[in-house]
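*Asks:* Sequence:
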Amino acid sequence: MQTLQRIALALVIIGAINWGLIGFFNFDLVAAIFGGQTAALSRVIYALVGLSGLVCISLLFAPLGEEDDVTDRTVNTGNLQYGTEFGEDPDFSNTDKPNRD
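657 is the number of the first residue of the sequence shown in the numbering used here; add one for each residue after it.
Any given hint could turn out to be false.
[What the hints assert, rightly or not] Derived DEER-like restraints, expressed as beta-carbon distance ranges:
| hint | residue 1 | residue 2 | range |
| --- | --- | --- | --- |
| 1 | L677 | R699 | 26 to 32 Å |
| 2 | I670 | T694 | 34 to 40 Å |
| 3 | G721 | R699 | 34 to 40 Å |
| 4 | L685 | L707 | 17 to 23 Å |
| 5 | A718 | G692 | 18 to 24 Å |
| 6 | L715 | S749 | 38 to 44 Å |
Since the hints were made in silico from the structure, they are not lab data.
Every residue gets a Cβ at the ideal spot worked out from N, C-alpha and C, and that includes glycine.
Using the sequences provided together with the hints, build the complete structure.
*Replies:* The following block contains the structure:
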């Protein structure tokens, strides 16, 4: 499914660029390449871009990857660790040094 979403996203980006060209320069790139707005191939491209927009709606409501990682860490561990972030206290009693008594 992720491959389909990536292809759909690429087509939506192409459609957005085409709409930007129409809005800024009154130039329809898809129509210019494929033979006008009423040509069959242009209509297929427009339909694919429209369907891709519908597929990309699912991306709008999908959770972000970072949230999944945080959720997975808290759910999968089971045991909570209440230790400090520094770990155990170091042992400063070194027997190699001579006593200064």
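*Asks:* Does the Cβ pair G721, R699 satisfy 34 to 40 Å?
*Replies:* holds, 36 Å
*Asks:* Measuring from beta carbon to beta carbon, are L677 and R699 in 26 to 32 Å?
*Replies:* violated, 18 Å
*Asks:* In this structure, is the beta-carbon distance linking I670 and T694 contained in 34 to 40 Å?
*Replies:* violated, 20 Å
*Asks:* Taking the CB of L685 and the CB of L707, does the distance hold inside 17 to 23 Å?
*Replies:* holds, 19 Å
*Asks:* Please check whether A718 and G692 have a Cβ separation lying inside 18 to 24 Å.
*Replies:* violated, 37 Å
*Asks:* Please check whether L715 and S749 have a Cβ separation lying inside 38 to 44 Å.
*Replies:* Distance hint for L715, S749 is violated at roughly 59 Å.
In summary, the numbered hints that this structure violates are 1, 2, 5, 6.
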